[in-house]
Amino acid sequence: MKIVVIGGGAAGLGAAGAAKGQDPSAQVVVYTEYEDVAYSPCGIPFVHGREIESFEKLFLATKEQYVAQGIDVHYETTVESIDTRSKTIKVRGEGEVGYDKLVLATGWNYDTPDIPGAELGGIYHVKNIRAAMEWDRRLDDVRSAVVVESGPIAMEMVSALRHRDIEVTLVDPGPWPMADVIDPDIVEPVRKDWEEAGVSLKFGEHVTAFNGTDTLTHVSTSFGDLPAEIAVIGSHKVPNSALAQSAGIKLGSTGGVVVGPELRTSDPDVYAAGDCAEIPHGVSNVPLQGLSGSHAYAQGKTAGINAAGGTRTHNPVYVPWGMLAGSWMIGGVSFGETLATALGLPFVTGVANGITRARYYPGVKPITVKLLADPSTRRLIGAQMVGGEGIKERADFLGIVARTGITVDTLATMENVYSPAIGALNEPIAMAAQALVAKL
Numbered sequence: 001m002k003i004v005v006i007g008g009g010a011a012g013l014g015a016a017g018a019a020k021g022q023d024p025s026a027q028v029v030v031y032t033e034y035e036d037v038a039y040s041p042c043g044i045p046f047v048h049g050r051e052i053e054s055f056e057k058l059f060l061a062t063k064e065q066y067v068a069q070g071i072d073v074h075y076e077t078t079v080e081s082i083d084t085r086s087k088t089i090k091v092r093g094e095g096e097v098g099y100d101k102l103v104l105a106t107g108w109n110y111d112t113p114d115i116p117g118a119e120l121g122g123i124y125h126v127k128n129i130r131a132a133m134e135w136d137r138r139l140d141d142v143r144s145a146v147v148v149e150s151g152p153i154a155m156e157m158v159s160a161l162r163h164r165d166i167e168v169t170l171v172d173p174g175p176w177p178m179a180d181v182i183d184p185d186i187v188e189p190v191r192k193d194w195e196e197a198g199v200s201l202k203f204g205e206h207v208t209a210f211n212g213t214d215t216l217t218h219v220s221t222s223f224g225d226l227p228a229e230i231a232v233i234g235s236h237k238v239p240n241s242a243l244a245q246s247a248g249i250k251l252g253s254t255g256g257v258v259v260g261p262e263l264r265t266s267d268p269d270v271y272a273a274g275d276c277a278e279i280p281h282g283v284s285n286v287p288l289q290g291l292s293g294s295h296a297y298a299q300g301k302t303a304g305i306n307a308a309g310g311t312r313t314h315n316p317v318y319v320p321w322g323m324l325a326g327s328w329m330i331g332g333v334s335f336g337e338t339l340a341t342a343l344g345l346p347f348v349t350g351v352a353n354g355i356t357r358a359r360y361y362p363g364v365k366p367i368t369v370k371l372l373a374d375p376s377t378r379r380l381i382g383a384q385m386v387g388g389e390g391i392k393e394r395a396d397f398l399g400i401v402a403r404t405g406i407t408v409d410t411l412a413t414m415e416n417v418y419s420p421a422i423g424a425l426n427e428p429i430a431m432a433a434q435a436l437v438a439k440l
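Under the working numbering, residues 1 to 440 are what the sequence shown spells out, in order.
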């Protein structure tokens, strides 16, 4: 059995390791266009911001460890095409390579705005770790930067650049940060935090041109020109699915590869996982693409196990998420009010302002929890939160609540840990659920 994996990110290495675990005798070969595999792009902004001391901390394993596992990784290698009829791929410099099963883990690209001057030096797409190392050295001499749109990594880069004493202007066409994901009341503390830190926020505006001779010197916008030595692109992730499309593998409405529960594509010998694939949402059944690294890794493991002869299914997703933005943590599950309204989903909300520890314990921080429930089934369909701590754990828990169909009535009477150092007497989730039940 020869299993070929295209892509060396979380999904690709997850698939390779899972395939080898399922069938130790399988020949597993990974092709990646980059110099490295299995590192965390999500950690790059925190190295830039000096919260993490070095880029080496972001690597999950050494190249020697993959060799020891029996995984043959081909670095800096381009796969040019796939022929599903002959079950071969064409690799630049290697020619045609056969496979028994193929896993596509080709990841994502930025939805780069079509802006004149985009080819200039000084325009930074935060993704590749080797490029990030070079950019990090450059940041020592940068005085001004423009962040173009407020995607998740860009949200973190705003704070990272300010930590380096760089003047930052955020230009975003939306009315508030990450407007397609976060509700304005939830992100408002982050916006205020950025303003207090000296970030210039330009919402409802657009970058119209990057200017300079060989490298960026200033940015033209819908409100005027800005001096800028670098521009950080923070646009949405789009699936890197061109290779699949050219092979005749079916794509879906997001542009990602269509997969079934076993992550098999329209070709029975080809699987897809991670940001190049689209996965149905558990509430709306709308296909989603471009989720988190944990989603990519879990999908990769499912694809790898099945490619190696096992049987595993991947559930629809409810998307618990969280991130650090400024001095605040924000997060949630599935929908907020903005997105639920856009999708035409009926909902009722309950909001509570609470605290993360006992009020008298040092370090106590505020937290706001907003819950959305379907008024007929009373099941949780979404949540949004902002606070000083404790967002990740609550998002994980509420993701299971949405997935298993627990009602807000049950949440309203939930048990919770009370310990002054780690939890307040009144759990904010229960308080939000009580407010929601009162409305119902």
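If you are wondering where the hints come from, they were derived from the structure by calculation, not from laboratory data.
Here the structure is a predicted model, which is why all the values come from computation and not from measurement.
In this text, a Cβ means the ideal position worked out from N, Cα and C, and glycines have one as well.
Watch out, some of these pointers could steer you wrong.
Unchecked claim - Ranges between beta-carbon positions, derived for each pair:
no.: 1; residue 1: PHE223; residue 2: ASP72; range: 49 to 59 Å
no.: 2; residue 1: LYS365; residue 2: VAL286; range: 53 to 63 Å
no.: 3; residue 1: LEU425; residue 2: PRO375; range: 53 to 63 Å
no.: 4; residue 1: LEU425; residue 2: GLY224; range: 48 to 58 Å
no.: 5; residue 1: VAL286; residue 2: LYS439; range: 55 to 65 Å
no.: 6; residue 1: ARG85; residue 2: MET414; range: 16 to 26 Å
no.: 7; residue 1: GLY363; residue 2: LYS2; range: 25 to 35 Å
no.: 8; residue 1: TYR360; residue 2: LYS439; range: 29 to 39 Å
no.: 9; residue 1: SER376; residue 2: PHE223; range: 17 to 27 Å
Stated by the list, open to error - No farther apart than 20 Å at their CA atoms in a straight line, the calculated lysine to aspartate or glutamate pairs in the DMTMM-like style are these:
no.: 10; residue 1: LYS439; residue 2: GLU393
no.: 11; residue 1: LYS2; residue 2: ASP72
no.: 12; residue 1: LYS20; residue 2: ASP409
no.: 13; residue 1: LYS250; residue 2: GLU94
no.: 14; residue 1: LYS250; residue 2: GLU56
no.: 15; residue 1: LYS127; residue 2: GLU76
no.: 16; residue 1: LYS202; residue 2: ASP214
no.: 17; residue 1: LYS192; residue 2: ASP214
no.: 18; residue 1: LYS2; residue 2: GLU134
no.: 19; residue 1: LYS63; residue 2: GLU33
no.: 20; residue 1: LYS57; residue 2: ASP83
no.: 21; residue 1: LYS87; residue 2: GLU64
no.: 22; residue 1: LYS439; residue 2: ASP396
no.: 23; residue 1: LYS237; residue 2: ASP111
no.: 24; residue 1: LYS57; residue 2: ASP23
no.: 25; residue 1: LYS57; residue 2: GLU134
no.: 26; residue 1: LYS192; residue 2: ASP225
no.: 27; residue 1: LYS202; residue 2: GLU167
no.: 28; residue 1: LYS127; residue 2: ASP83
no.: 29; residue 1: LYS365; residue 2: GLU134
no.: 30; residue 1: LYS392; residue 2: ASP185
no.: 31; residue 1: LYS20; residue 2: ASP269
no.: 32; residue 1: LYS90; residue 2: GLU33
no.: 33; residue 1: LYS2; residue 2: ASP374
no.: 34; residue 1: LYS2; residue 2: GLU262
no.: 35; residue 1: LYS365; residue 2: ASP180
no.: 36; residue 1: LYS20; residue 2: GLU56
no.: 37; residue 1: LYS87; residue 2: GLU56
no.: 38; residue 1: LYS57; residue 2: ASP72
no.: 39; residue 1: LYS2; residue 2: ASP23
no.: 40; residue 1: LYS2; residue 2: ASP111
Here is how each hint holds up against the structure:
1. Range check, PHE223 to ASP72: about 53 Å between beta-carbon atoms, so the 49 to 59 Å window is met.
2. For LYS365 and VAL286, the Cβ-Cβ distance of about 34 Å falls outside the hinted range of 53 to 63 Å, so the restraint is violated.
3. About 30 Å separates the C-beta atoms of LEU425 and PRO375, a value inconsistent with the hinted range of 53 to 63 Å.
4. The hinted range of 48 to 58 Å is satisfied by LEU425 and GLY224, whose Cβ atoms lie roughly 52 Å apart.
5. The hint said 55 to 65 Å for the Cβ distance between VAL286 and LYS439, and at roughly 26 Å that hint is violated.
6. Hint check: ARG85 to MET414, Cβ distance near 55 Å, so the stated range 16 to 26 Å is violated.
7. Our hint of 25 to 35 Å for GLY363 and LYS2 is violated, since their Cβ atoms are close to 54 Å apart.
8. Between TYR360 and LYS439 the CB atoms are about 32 Å apart, so this pair conforms to the stated range of 29 to 39 Å.
9. In this structure, SER376 and PHE223 break the distance hint of 17 to 27 Å, their C-beta atoms being roughly 45 Å apart.
10. The suggested pairing of LYS439 with GLU393 is violated, with an alpha-carbon distance near 26 Å, which exceeds 20 Å.
11. Distance hint between LYS2 and ASP72 is fulfilled; the C-alpha atoms sit about 11 Å from each other, no more than 20 Å.
12. Taking the CA atoms of LYS20 and ASP409, the gap is near 45 Å; set against the 20 Å cutoff, the hint is violated.
13. Between LYS250 and GLU94 the alpha-carbon distance is near 27 Å, which puts this suggested pair outside the 20 Å criterion.
14. With a CA separation close to 38 Å, the supplied pair LYS250 and GLU56 exceeds the 20 Å bound.
15. For the hint linking LYS127 to GLU76, the alpha-carbon distance of about 15 Å falls within 20 Å, and the restraint holds.
16. At roughly 26 Å between alpha-carbon atoms, LYS202 and ASP214 are farther apart than 20 Å, so this suggested pair is violated.
17. Restraint check: the Cα-Cα separation between LYS192 and ASP214 comes to about 36 Å, which exceeds 20 Å; the hinted pair is violated.
18. As the CA atoms of LYS2 and GLU134 are separated by approximately 37 Å, the hinted pair breaks the 20 Å bound.
19. At roughly 15 Å between alpha-carbon atoms, LYS63 and GLU33 fall within 20 Å of each other, so this suggested pair holds.
20. Only pairs whose Cα atoms come within 20 Å are accepted, and LYS57 paired with ASP83 is rejected, the gap being roughly 38 Å.
21. Under the criterion of a C-alpha separation no larger than 20 Å, the hint pairing LYS87 with GLU64 is inconsistent with the structure, at around 29 Å.
22. For a cut-off of 20 Å, the pair hint linking LYS439 to ASP396 is broken: about 25 Å separates their Cα positions.
23. Taking the CA atoms of LYS237 and ASP111, the gap is about 6 Å. The hint holds against a cut of 20 Å.
24. For the hint pairing LYS57 with ASP23, the CA-to-CA distance comes to about 31 Å; that exceeds 20 Å, so the pair is violated.
25. Taking the CA atoms of LYS57 and GLU134, the gap is about 16 Å. The hint holds against a cut of 20 Å.
26. Distance check on the hinted pair: LYS192 and ASP225 sit about 24 Å apart at the alpha-carbon level, beyond 20 Å; violated.
27. Of the pairs offered as hints, the one joining LYS202 and GLU167 holds, with about 14 Å between alpha carbons and a cut-off of 20 Å not exceeded.
28. Taken as a hint, the LYS127 and ASP83 pair is broken in the structure, with Cα atoms around 29 Å apart against an allowance of 20 Å.
29. At roughly 37 Å between alpha-carbon atoms, LYS365 and GLU134 are farther apart than 20 Å, so this suggested pair is violated.
30. Taking the CA atoms of LYS392 and ASP185, the gap is near 19 Å; set against the 20 Å cutoff, the hint holds.
31. For the hint linking LYS20 to ASP269, the alpha-carbon distance of about 17 Å falls within 20 Å, and the restraint holds.
32. Taking the CA atoms of LYS90 and GLU33, the gap is about 14 Å. The hint holds against a cut of 20 Å.
33. This hinted pair does not check out: LYS2 and ASP374 have alpha carbons roughly 47 Å apart, beyond 20 Å.
34. Between LYS2 and GLU262, the direct Cα distance comes to roughly 19 Å. Compliance with the 20 Å bound is thereby established for this hinted pair.
35. Pair hint LYS365 plus ASP180 does not hold up; C-alpha atoms about 27 Å apart against a cutoff of 20 Å.
36. This hinted pair does not check out: LYS20 and GLU56 have alpha carbons roughly 26 Å apart, beyond 20 Å.
37. For a cut-off of 20 Å, the pair hint linking LYS87 to GLU56 is broken: about 37 Å separates their Cα positions.
38. A C-alpha spacing of about 23 Å is found between LYS57 and ASP72, which places the hinted pair above 20 Å, so the restraint is violated.
39. For the proposed pair LYS2 and ASP23, the alpha carbon gap of about 10 Å is at most 20 Å, so the pair holds.
40. At most 20 Å may separate the alpha-carbon atoms for a hinted pair to count; LYS2 and ASP111 exceed this at roughly 34 Å.
Hint check: violations occur at hints 2, 3, 5, 6, 7, 9, 10, 12, 13, 14, 16, 17, 18, 20, 21, 22, 24, 26, 28, 29, 33, 35, 36, 37, 38, 40; the rest are consistent with the structure.
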